[in-house]
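Novice: Construct the entire structure; sequences and hints are all you get.
Chains as they are written, first to last, in numbering that gives the first Met the number 0: chain E, 0 to 306; chain W, 0 to 183.
Treat the hints as calculated values from the structure; they're not laboratory data. Each hint should be verified, as a subset may be incorrect.
Think about it this way: if two alpha-carbon atoms lie no more than 30 angstroms apart in a straight line, the pair counts; the simulated DSSO-like pairs of lysine-lysine are [unchecked claim]:
hint : chain 1 : residue 1 : chain 2 : residue 2
1    : E       : K298      : W       : K181
2    : E       : K9        : W       : K101
3    : E       : K124      : W       : K181
The following residues of chain W were derived to be distant from chain E, with all beta-carbon distances above 12 angstroms [as the list claims (entries may be wrong)]:
hint : residue
4    : D4
5    : G16
6    : E26
7    : N123
Backbone N, C-alpha and C define an ideal beta-carbon position, used for all residues, glycine too.
So you can see what is in the structure, the chains are spelled out below.
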Amino acid sequence: MKCIAFIQTKGGQATKASLEAAGFAAGIGEAVAVVSGDLDGDGGLGSVGIQRVLQGAGDLDDSQLGRLVSAAAEHEGASLVVCAQDHLGKSIAGRVAVRMNAGLIAGVTVAPDGDNYTRNVFSGKATAQVKGATDNLVITTTPNAIGMPAASGATASIEAFDTELGERKVDILEAASPSTGGRAPLPEAELVVSAGRGMKGPENWGLIEDLADAVGATTACSRPVSDIGWRPHHEHVGQTGIAIRPNLYIAVGISGAIQHLAGVNGSKVIVVINKDPEAPFFKAADYGIVGDAFDVVPKLTEAFKAL
Amino acid sequence: MGGADCDPILRKALAIGAHEAVRIDAEPQDAMQVAAEIAAYAKGQSFDAILCGKETIDHNSSAVPAMIAEHLDVPCIALATSLDYADGKAVMTRETALGIEKISVGGSFVLSAAKGMAEQRIPNMRGIMAARTKPLQVVAAQGAAPGTRIERFALPDEKAGVKLVDAENPAELVRLLREEAKVI
Ligand SMILES: Cc1cc2nc3c(=O)[nH]c(=O)nc-3n(C[C@H](O)[C@H](O)[C@H](O)COP(=O)(O)OP(=O)(O)OC[C@H]3O[C@@H](n4cnc5c(N)ncnc54)[C@H](O)[C@@H]3O)c2cc1C
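Specialist: Okay, structure coming up:
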């Protein structure tokens, strides 16, 4: 089967979530990547199984990107389009699906079993096996779920791809990068240290930052913490915040409410530090320490530093 | 879009300020079908904005807003955190993987709202009374077809249970994460 992988780039390189989507597509059939704008070399795509990259114009809005991707699918005779279920993917996938009259299966978490695709439903409390009911199909892959294919070291060829894209309708007035202090952005992070209301106040976050630095992790927080303004909103994880799936999630002073778990229960390993042995989070955890964060966290930081 | 069991939800929307409610009378089956029905209804109306939620609480796909926008050929602002009007243009903010953007669109548009867009309102008695007499129209569906089919549901594997480490010995936790879980 021929498929198209839509790739988001950052500084000319494919984002991690896009590389996962490309690897997923390459595992299903002959996959051709589509990018908008500048690429640095092949953006890392050859190494995940892509042989050809179609390079369209840059600086496109979501509607133009939808046209670019569906035109590429038509050009290649591809019946399957794959992209990441990230912010951009959520803006584009539905558009491509409508243009191609294709069913959309969003947030797939493992390689398909034949034409059965598995995705999480009810915020990770169950999974569903879904099939397309149309000739064409659009799939989005959940970041950090599929895993990155082993790098082959191959290089993809780049071809310019021109098509009618219509006019841009969305104007960007200002854009600011969130400051992550040199840490991996939360949706891509493999190691996350997160803290909740148990930390008592923003003045105590130094302990959390120190632990995160020792682990090499990105920081996150529970919703009340960002609501009160102790931490910025982009750190808020959960049902109403971002959903993450790191390899390691360390939760400090977070009770483990169901809405919080909805955003983190895909983590491979969960560590909970809480002074209340009855905190519901322990039921979802792999490892736990019952104790006062103000004693435990500095000791844990030292133990990580000693590695 | 839904059966008569959705009417209490529409009445609640009327109670917190909506002027009219419309229910498209069909059982939702997937995003493709729902978006086609909503877009078909919207095509016959004049509108400035179609506001959607972030995702459904059951299937969590975040798919419908962009689909509606494509059917209607209008911009879609996914996961917007604020909405204002200035000089006849809508100005919105959104937080993407690449940063926080302030954007504007002229003409009509679709948006999906993320946290920060508005305070949740609780209906008051006056609103509830007023909602009883506000129009709730039921329209027939176009018969749009779904693009996907659910074969089966399953529960995720149970966790093995938490392994507790003594608070006095966090180094043991680091060892387990390294040697047993192999995540660091
Ligand atoms: C519609 C809806 C959506 C929501 N969405 C989200 C969401 O996306 N994300 C989210 O996080 N929440 C969300 N919530 C809120 C959620 O229900 C919880 O209220 C919230 O997660 C609790 O945050 P917390 O664990 O930081 O605080 P608390 O529940 O107050 O827990 C604090 C914990 O810290 C522990 N603690 C206190 N002191 C110490 C100490 N010294 N050392 C160690 N432990 C200590 C306590 O034992 C307790 O377990 C949502 C709620 C609703 C209704």
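Novice: Determine for every hint whether it applies to the structure shown.
Specialist: Outcome of the hint check:
With a C-alpha separation of about 21 angstroms, the suggested pair E:K298 and W:K181 falls inside the 30 angstroms cut-off, and the hint holds. A C-alpha spacing of about 19 angstroms is found between E:K9 and W:K101, which places the hinted pair at or below 30 angstroms, so the restraint holds. Simply put, E:K124 and W:K181 have alpha-carbon atoms about 25 angstroms apart, close enough for the 30 angstroms limit, and the pair holds. No beta-carbon of chain E is positioned within 12 angstroms of the beta-carbon of W:D4; the least distance is around 19 angstroms.
Residue-level check passed: W:G16 sits 21 angstroms from the nearest beta carbon of chain E, beyond 12 angstroms. With a minimum CB-CB distance of about 16 angstroms to chain E, W:E26 clears the 12 angstroms threshold, and the non-interface call stands. Every C-beta of chain E lies more than 12 angstroms from that of W:N123, the closest at about 23 angstroms, which supports listing it as non-interface.
In terms of the numbered hints stated before, the structure departs from none.
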